[in-house]
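Trainee: Sequences listed follow chains B and F, in order.
The first sequence begins at 0 in this note's numbering and counts up one residue at a time.
The second sequence begins at 3 in this note's numbering and counts up one residue at a time.
It is worth saying that the hints were derived from the structure and are not from the lab.
Values in this document were obtained by computation on a predicted structure and should not be read as measured data.
Treat the hints with care, since some could be wrong.
Computed, partial: chain B to chain F, Cβ under 7 Å [said to hold, decoys possible]:
| hint | residue |
| --- | --- |
| 1 | Gly233 |
| 2 | Asp241 |
| 3 | Met300 |
For every residue, glycine included, the Cβ atom is placed at its ideal position computed from N, Cα and C.
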Amino acid sequence: MSLKVIQPGLSTSIQDLGRPGYFHLGIPIGGAMDRFALRVANMLVGNPEGAAGLEVVFMGPEIVFEKDALVAVTGADLPAKVDGKPQEGWTAFEVKAGQTLKFDFLKSGARAYIAISGGIDTPPALGSRSTYPIGALGGIEGRNVQAGDVIPLGEAEMIEPGLNVPKELRRLPDNPAELRVLPGLYWHRLTPAAQEGFFDDDWTVALEADRMGYRFKGGKPLEFVGREQPFGAGADPSNIVDGCYSYGSIQVPGGLEPIVLHRDAVSGGGYFTLGAIISADMDLIGQLQPHTPVKFRKVGMDEALKARSDRKKMLAAVRAHLG
Amino acid sequence: MKTRYTYGGDEHIYVEMDDEMSLDAFFKSLSMSNAVREAKIEGVTEICPANASFQVRFDPDVIAPKAMLKKVQELEHKAGDAEKRLKTRIIEIPVYYQDPWTHETLMRFRERHQDPSGTDLDYAARINGFDSAKAFIEAHHAQPWFVSMVGFVAGLPFLYQLVERDKQLQVPKYLRPRTDTPKQTVGYGGCFSCVYSVRGAGGYQMFGVTPMPIFDPEQKQSYLRDFMVFFKPGDIVKWKPIDREEYDRILGEVEADTYVPRIAEVDFDLEAFNADMPGTNAKLMEALNVA
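This is chain B alone, in the form it adopts within the complex (with noise of 0.2 Å):
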């Protein structure tokens, strides 16, 4: 049984909680940008948390249900409708057998995650149903989901319609965003008045912001340490012989547009980089549209670990919520 997709959306993609394992041969993790809604989808409908769902970006995708399923929409407020019915977010309802499912325009955040109970099936690749499009992995065919497209469901155990997260129990980016940066890598190659400028200063997301990357702009160029460059590195003071990327890492080509790496990261490069946003905010990356400001703000590795801590417990709190 299976879902049939009449309209795409913008970029929608079927993601689960990733592929580990692989980057040393630059396969990223992948799986969805905001780890905390796809797993609060899948708990609303009584799925297992990694199941795979939909990753919808900006703008909803139009789909015809072919069994009753029971459905959760998270992350971004991303108006639901069911046969033009509108339905809550962070909810679960039910779609029936020849319903449509379809959306109204997005209100705040940048991406919705729908968890349709019983899971969606593809066949995992390398362990994962994630879409990975530049590796051709995952998903349908190895690509994003298209008109036409029909998505099989895995079985599922049927649970009530209604449970519900409250909005304390919600996580988005405040406006402006704040981002968390661990300094780091090769933080020590710009000058000190660079590494301050960094977090003094005000940037907006750019256009250029997918899931392999977010890339911010509107802040000072960054001024680097002189030196003559390491034989191999490349003549640019921002290049390094080419080494490994964090996920969340922070290069800053030329001193000018900072990118950050997301899931679908390069696994390495040239680029110097200096420092990565905690794994505590990853999440929240995802759900930042372009033109938003940000703030990134300096943290050590103690409050890193207790942001990290946080989210589990707010995680936990939406389990014990749900029982």
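With chain B fixed as given, assemble chain F onto it according to the hints.
Mentor: Okay, now just chain F, sitting in the frame of chain B:
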């Protein structure tokens, strides 16, 4: 060489063996990343070796970052003691230099290049002191290469040429990266060659194209049946220049899933190589003759 340890956020430890490229730094990074793998430290989720550095990804809920860093640091002496010897393979990769497809692409992105008036090869030849693209191509394929990193995107190899430093070819990357690169383009940036495993964005100069797929999720080629990614760090590559006719012949075999690349098992000993580079390379390439 001085090893530098740093954090990449709360989930990664980054270890730089040296800030400049050398085979010594590569070998040290490879043996140390192997030592980390063999230590089977609980909480480690990914180990990524690079040219002169490596990265360990871990779960800070299982092991605290400080404890993780200490465990990695304790393994440094093992890397120093490790034999700089590899049981590996040499692979002949056919390259159609100055092919029409990378030519079309480089002309399309000419305004992003340092020298809009010529081609990437003309430019690379000139800045490396060669009097023609032909002479530069000869220098590119005459001596073998060492795969010092796999990554960027799916299965893309970075290669470092097995010659003295003063004979290394060096070229900058494009001023602004291209949004398109043909699949299997042989590229060049800094002191590294690469093969673009898939079509997509790229900043390396483009010299030619190989008809041999090196990444295929469908694993149709015999040499990709074990795994969808062909290259691994430590592989040795000999480029073989081919013309259009041979390119088309190989492509026909690839399309019929019958192409078999020339591969020979070899040993690589860094000290022997440092003592006699031409002799070591000659032996490596001879192995291909009987493959």
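Trainee: Against each hint, give a clear statement of whether it holds in the structure.
Mentor: Status of each hint after checking the structure:
1. Evaluation of the Gly233/B hint against chain F yields a held restraint, the C-beta minimum of about 5 Å falling below 7 Å.
2. Interface hint status for Asp241/B: upheld, as the beta-carbon distance to the closest one in chain F is roughly 6 Å, under 7 Å.
3. The interface hint given for Met300/B is met, as the beta carbon of that residue sits about 6 Å from the closest beta carbon of chain F, less than 7 Å.
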